[in-house]
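Chains U, Y, P, H, L and F, in that order, give the protein sequences. Heads up, the first sequence is in the numbering used here, so the first residue is 1013 and it goes up one at a time. Heads up, the second sequence is in the numbering used here, so the first residue is 1013 and it goes up one at a time. Heads up, the third sequence is in the numbering used here, so the first residue is 1013 and it goes up one at a time. Heads up, the fourth sequence is in the numbering used here, so the first residue is 1013 and it goes up one at a time. Heads up, the fifth sequence is in the numbering used here, so the first residue is 1013 and it goes up one at a time. Heads up, the sixth sequence is in the numbering used here, so the first residue is 1013 and it goes up one at a time.
Check before you lean on any hint, since a few could be wrong.
Said to hold, decoys possible - Residues of chain F placed beyond 10 Å of chain U at every Cβ, according to the derived structure:
1. L1016
2. D1076
3. V1121
4. D1235
5. E1237
6. V1273
7. E1309
8. E1345
To be verified - Below, computed lysine to aspartate or glutamate pairings styled on DMTMM-like, alpha-carbon distance capped at 20 Å:
9. K1150/H to E1122/L
10. K1281/P to E1294/U
11. K1271/Y to E1276/U
12. K1281/H to D1076/P
13. K1268/H to E1160/P
14. K1353/H to E1210/P
15. K1228/P to E1294/H
16. K1268/L to E1296/F
17. K1281/F to E1160/F
18. K1281/Y to D1235/U
19. K1342/L to E1073/L
20. K1268/P to E1122/L
21. K1349/F to D1212/F
22. K1268/H to D1060/P
23. K1281/F to D1301/Y
24. K1281/L to E1296/H
No wet-lab data here; the hints were simulated from the structure. The beta-carbon is built from N, C-alpha and C at its ideal position, and this holds for glycine as well.
Number of protein chains: 6
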Amino acid sequence: MPILKAAIIGGGHIADQNHIPALKALPERVELVAICSRDIQKARALADKHHIPLAYNNAAEMFDSDSKPDLIINCTANNLHYPFTVQALENNCHVLCEKPPAMNAAQAVEMADLAQKKGKVLAYNFQLRQTPEYSLLKRSLESGRLGEIYHIKANFLRRRGIPGWGNFTNKSIQGGGALMDLGVHVLDLALGLLDYGEPDRIIANTYDFIGKAGGKGLMGSWDAEKFEVEDACFAHLSFPNNASITLSTSFALNTKIQKNVNLEVFGTKAGAVLNPFALYSEMEGELVDMEFPHLEETDIQFKNTVAFLDFCEGKRSNICDAKQGAILQKIVEAIYKSAEK
Amino acid sequence: MPILKAAIIGGGHIADQNHIPALKALPERVELVAICSRDIQKARALADKHHIPLAYNNAAEMFDSDSKPDLIINCTANNLHYPFTVQALENNCHVLCEKPPAMNAAQAVEMADLAQKKGKVLAYNFQLRQTPEYSLLKRSLESGRLGEIYHIKANFLRRRGIPGWGNFTNKSIQGGGALMDLGVHVLDLALGLLDYGEPDRIIANTYDFIGKAGGKGLMGSWDAEKFEVEDACFAHLSFPNNASITLSTSFALNTKIQKNVNLEVFGTKAGAVLNPFALYSEMEGELVDMEFPHLEETDIQFKNTVAFLDFCEGKRSNICDAKQGAILQKIVEAIYKSAEK
Amino acid sequence: MPILKAAIIGGGHIADQNHIPALKALPERVELVAICSRDIQKARALADKHHIPLAYNNAAEMFDSDSKPDLIINCTANNLHYPFTVQALENNCHVLCEKPPAMNAAQAVEMADLAQKKGKVLAYNFQLRQTPEYSLLKRSLESGRLGEIYHIKANFLRRRGIPGWGNFTNKSIQGGGALMDLGVHVLDLALGLLDYGEPDRIIANTYDFIGKAGGKGLMGSWDAEKFEVEDACFAHLSFPNNASITLSTSFALNTKIQKNVNLEVFGTKAGAVLNPFALYSEMEGELVDMEFPHLEETDIQFKNTVAFLDFCEGKRSNICDAKQGAILQKIVEAIYKSAEK
Amino acid sequence: MPILKAAIIGGGHIADQNHIPALKALPERVELVAICSRDIQKARALADKHHIPLAYNNAAEMFDSDSKPDLIINCTANNLHYPFTVQALENNCHVLCEKPPAMNAAQAVEMADLAQKKGKVLAYNFQLRQTPEYSLLKRSLESGRLGEIYHIKANFLRRRGIPGWGNFTNKSIQGGGALMDLGVHVLDLALGLLDYGEPDRIIANTYDFIGKAGGKGLMGSWDAEKFEVEDACFAHLSFPNNASITLSTSFALNTKIQKNVNLEVFGTKAGAVLNPFALYSEMEGELVDMEFPHLEETDIQFKNTVAFLDFCEGKRSNICDAKQGAILQKIVEAIYKSAEK
Amino acid sequence: MPILKAAIIGGGHIADQNHIPALKALPERVELVAICSRDIQKARALADKHHIPLAYNNAAEMFDSDSKPDLIINCTANNLHYPFTVQALENNCHVLCEKPPAMNAAQAVEMADLAQKKGKVLAYNFQLRQTPEYSLLKRSLESGRLGEIYHIKANFLRRRGIPGWGNFTNKSIQGGGALMDLGVHVLDLALGLLDYGEPDRIIANTYDFIGKAGGKGLMGSWDAEKFEVEDACFAHLSFPNNASITLSTSFALNTKIQKNVNLEVFGTKAGAVLNPFALYSEMEGELVDMEFPHLEETDIQFKNTVAFLDFCEGKRSNICDAKQGAILQKIVEAIYKSAEK
Amino acid sequence: MPILKAAIIGGGHIADQNHIPALKALPERVELVAICSRDIQKARALADKHHIPLAYNNAAEMFDSDSKPDLIINCTANNLHYPFTVQALENNCHVLCEKPPAMNAAQAVEMADLAQKKGKVLAYNFQLRQTPEYSLLKRSLESGRLGEIYHIKANFLRRRGIPGWGNFTNKSIQGGGALMDLGVHVLDLALGLLDYGEPDRIIANTYDFIGKAGGKGLMGSWDAEKFEVEDACFAHLSFPNNASITLSTSFALNTKIQKNVNLEVFGTKAGAVLNPFALYSEMEGELVDMEFPHLEETDIQFKNTVAFLDFCEGKRSNICDAKQGAILQKIVEAIYKSAEK
């Protein structure tokens, strides 16, 4: 395969720490030719630090240059996922876009349609799919060991994890709160176990009591006056085949554990817990608990970037594709709508 | 107060182990004058064992006797809760009926209406209300320490707890499975924290995979061929004030813990876990975990019987009354209906 | 099947606590008609206590009586296993004999030959075969889950467990020490996993340092002056198919654990530990540890008595039969011989 | 004392990480003048990295140079221990040779004889002798606290520790598998507690099931097709004074613990466990468990190099000397021979 | 020895549960002939229950009877220790008196003097001297293992252990609070390690905040209005040889542990903790922690009664004798005096 | 505020690691202009390392220079605290002096008087006041949650922590042992909870058994021959309002824990433990244990330097001021005097 030319749009922490190192670690497959940020200082600093040839603060200029990229990593703020992804697709680039896909369902559907029309790959960076635990869970499902999954509890809960930096509490930039930032991760994992079907019934409630009251923060201090999003969201999703998901996510909740990211999966033959991975089943006529104490740590961003490149090259891949992203965004929107009732 | 005359209807384990000892321990308030069971042998055996003067296998006869009781403990099978409670109320008796209130909402509403019409007390034996943990939870709520409760996770889960005896898997006798037998307990506790409001939105799913497949049992062996009820039920309830409950209950589920009966309660000022009781809150500007290692064990049936007698005497009491029982049964029916969709 | 008539020979603790209750719990299969002890007082006391019709202090008399038994439980001292078993077989009785089979290999072989000649069942009471853990281990082997077993570590170790009562330190009565009393149990279990093959190479060492030095006892105080047997024995057995067993047993050893009865089993596909039962294997390409937290406690004497009765009735049974007992006794003798070198 | 001139033969990991740093940390006693490796690039790279004056790929050249060394560290592959050690001794150098001493007993005996003839020190780098735990064990033995040791269980077990690099599965280079690489360490420790006596009886079994079947590796992936050595070895050694050793070692075994390196030592007055160090004994008429929670970590290679230098200078030292190495190699050979039966 | 005739004075719980069973278990040494209580009903009930020939409510009568006892167990309330002990001694009886010895130092000194004058044994029932832990501590001291003890921390602390029964909060009956009831036990143990020397300097503080404030009780509810004694006492005792004791005792204290009865003993060679027993010392040049996991449970009242009988018979005994009791009471008085400053 | 000019006197570890980094981290408030050490080499080396303009070995010269400092950090040996602090105050500098304040009470009082006379700030570097735990303890006291504190156990205990470096065992330089070096820290914390009142009664004992006997050291090896100070000190302090403190401190003591720095605080409404921080109280009529698992780590030297600068600028601060230092030194002197009795 020829080496693909890549460009980054967005000059924040996630570009610096995740995407650029992952691309740089794959020189035989991809060449990082440019970085684009609204703040040209940021773009140049990252270009210098990581030895990226070109720095822009104008994406159009980048797409018109001689070094036009083949693929774009869109790691801008949530409200810029849509415009920059559309622009990149229009310029015939593959796109790996940060999560969540978009600010609403219409955007995500349009993005998926455009990608199809342009014959380009659009994917979303749900990198938790690459943990050894989720990989083992998928293998356990595919080998039949779990039987059929009928209920999943998906949790991404923080006790006091409203970030004191960035725009996490600004609705017009983020599109939402805990659900948009955290809940989408475990929702994506859960949907991935159910063939990414679409639920036919959804009910949800969202809250903002702690966010608006203020108090102790464990990820810096937030401004309670400017807290515009939900700090907690609880939802129940029911699927046409009668499977169901209970989703719980929070920025702030009066609970013991500081951070709880987990799936509990209930299948007809076995149940599973994601972290630490365990299976609960029957064996030789007895109830058995199975633990896997030797799973190896993985660089999940590196693996997700590889999955994206595989996908660009037409290979099978477990990346979250454009259609899945659109389904997920429709569910998120349905949750918010249900919560408004 | 005069000593009340009591009679038991139902000659099973719960009469023998719970209700009769509780009544016998309160001789200054109640006199157990009769026991009635379809099986006269059972009735006589219990009468002998516990020194109860009269044994019947015909309730009408008992109500017509000179020793006509003032109050009835109805601990028959679920499908007999309604007819015997109605008969007792018609005979001007107070009634403490075992849970669940009835087979369906219509019965429970009718029972409540009749009790009101007759001016008699009707109550249900949700004795988990009397644990020191739930009592402390209620006091914590009433003192304002929890703030306003907005979400509750209510669990009554067994890994392999389909009873191998009785009629627990027979739908026409029980009216349902895990929800009717186990889930109602924690649903009652959760509703008791939300002023027993009625939810305006309900979604639920029920399952019977393990029950119908058979396998290892930890409470005896069940007959998979005759398994007619749900072995698991997951529901989400949303209330007009935006509070919500996530209810999870199972006879059989592929999960680690053999038996998990618990509430997680999320309030604006503090969260609580019921078993073992703990509070999670802020104090002096720091996050605090509070444990109560010295709660004393309680005879919860004894305390619930006292609560019933207080209620009969017009005192304040935390017993589950007829109206609450009707609300609970309406919710149970709504859950089953939602699950059928 | 007709009900079998049983008699006990031996009036000690194990008759009173184990064998008589087990027989009495099986009235539909066996009738305990007599007990015989050298001490007629003991015999009569046990007969009274357990409602046994006849008490003897002379076995010949018992065999000549009208109530001649069909089967004998021989729970006499080790040095009487041989004579009473021979006498019972000669009188056409089935025999369940306490472990170890005999004082030496020649006796055990002769006992097996006689049983075969008489067409009667002779079995030994290695009741540890009936634990749920060993049963699960056998099922795991038979289902192929362990693959082929190639090495077993068999331990029955006590830190300071030289009994202060009985004849446990008397060589002429017991025939040996820790190996004869304790080690034979786990040796039997290990051999049971290897089709009760006969090893072609054996090496062993025995010791008596602590027994002869005296000191603190955790099972009463023993008389160091009269300590005639081994307090510890370590042996390695190699089988024609290259499987091997490491056997370690002690009455007294300077080790942490007070009592350690266990097998570690190493198979080509999985390893197993007996107590608490666990399997160590690979699954879905990862190393897995499996635990079985819900094994139910069992009355192992009851189950072994049932196994003996099944065997008497010609059914398949996992009892230790006469041939296995002879093999085991030959190995024990070989171990002692090796240790003398 | 004059400063000794040292040279390294072998340019692998153990030279780079262990021996060179240890020598460099002792400038007042030894000067590292040269490094020799078949691969001159390796030799030069190490010389540059560690500031070693000379680099060779021909040992003869090195011995003929002006900077002829006084002592050699032989850290070549197992099959080169013999030729280079002989060459070094012939050139009148002291030698510290990596373990195992040689490919077979004849080589090790010849090496010892040659060292004696040349009046030079030959020692082996069994650096586990220098742990604080083994040192404390030796002191406990020497002070009489253990009494006389009569049995030792020596374990060096890995669950899935077949190295995926180097030549660990190549018999012609390594001479064997787990025993040659791992077992020799704990065998040396055990023999060191028994005055390095020679056993008069040995029985052993070796296996290669997992190595030849392949599967999950925790130290990289190995090639099951080319697996030529034993993956597990179990042996029993009996000594003329009736002491005994049970040796268990594995590259791969279906067991819980990932890596288990330990001795259990049974003495007449106390028992000991090496890791973490503990004693089990009697005190004031009670059974006592003694732990030593404050042992300090040690650089065991540094201490073993010091021990070697002391030995070269004629001082007392706990280094494994040439005679001990020959005894150990004879035992290893006897184990392999027994396992072939 | 002739069998001694014993009588009990005091009809409370401690007579019924401790002293009578202990005497009854020693029929070959003592015969319990009478029980005397102010409440003749109590006396008769105990006499019936325990088959004691005679019951009195008048001690003088008992001493004048034909069955005049040889020894008295005085288990009356604290304020009656003095009068009944004096009366018993005057009647030429040995006396085992419950702790504390008396209401004040003068009484205890007078009691000791009288016992000496009459040639009778007077001893106090500090039964914690008989635990296996204290016995082992004494042996460790006597064998020199601890070296010289220079500091002891003696604790008898309860978090909320003000008894809701009896007279524990009544100063005129009890003479004091936590110190008189609880602290004296560990003070006696500590003094027993220091040859029961008399301190030359004492400083102390006592408190009654929680007792007078009321609140949650873990040993029943107490009446805060009638709380007259100290709920906590902290004292430092310094001895002529420079040894020192820190004594801490409480009925109620805001601390984690519900009940903490312990000594920490600091010696020149080793330190000790009483519960669970452990030694902290040096061995082979390393710091060692020693635990004794196999101490056997003991009936401490039985052993203390035996110690008293031995003492009556002139044998060596570790009972608390009259002189020690007087010293202890002088220290208690000095503590209270210091606290008043 | 103008930027203050600072100078360090004393060139040891604490200057290098604690004080200089703290000053350097506050460039907007303080400028470190000079460092003075008796050893000019040390002074220059630190000046170079930390970019300090001037280095002296003569304090007078420093005070006379153009860059005369506004404040001095006195981190010299204990016996130099007094002369250099006096010199600095005489030169009109504020002073932050290391603990303990001085060699005796008279010095500390004179230092406080001089500071007052000169109108300069004198403070002591008890930096443990700045831990989040002590801060939370103070807030809990100030909010009334503890009620009134009546007893404190203050511990700073090491098992074998006699430093093998510096002058810690030299009485003429240090002024004392464990109390002067360690105990003063927790004494200061305890006094800070009691409004730094002066006790009216003190009793104490000091010891030097282990220090003078020698043995294993966990902080290097000390010279038992030259051990001149106390290795352990136990004291009881009683205050006019009846509050009391039990102080225990050691360099070496036969105890389990290697290092134990803690306060146990007993208040009328709640008790507290400092490390890890916990409260023990009553809530809703039940006993409650409160833990604070999310306290954040703090740079306590940085915070104490800030507190000193605030104090210099006339702001409120929790620094240990000159008067408190004098009170503490008087108590230390009284403890030593009591121990001499």
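- Hint check against the structure, violated hint numbers in rising order: Violated hints: 9, 12, 19, 20, 22; rest satisfied.
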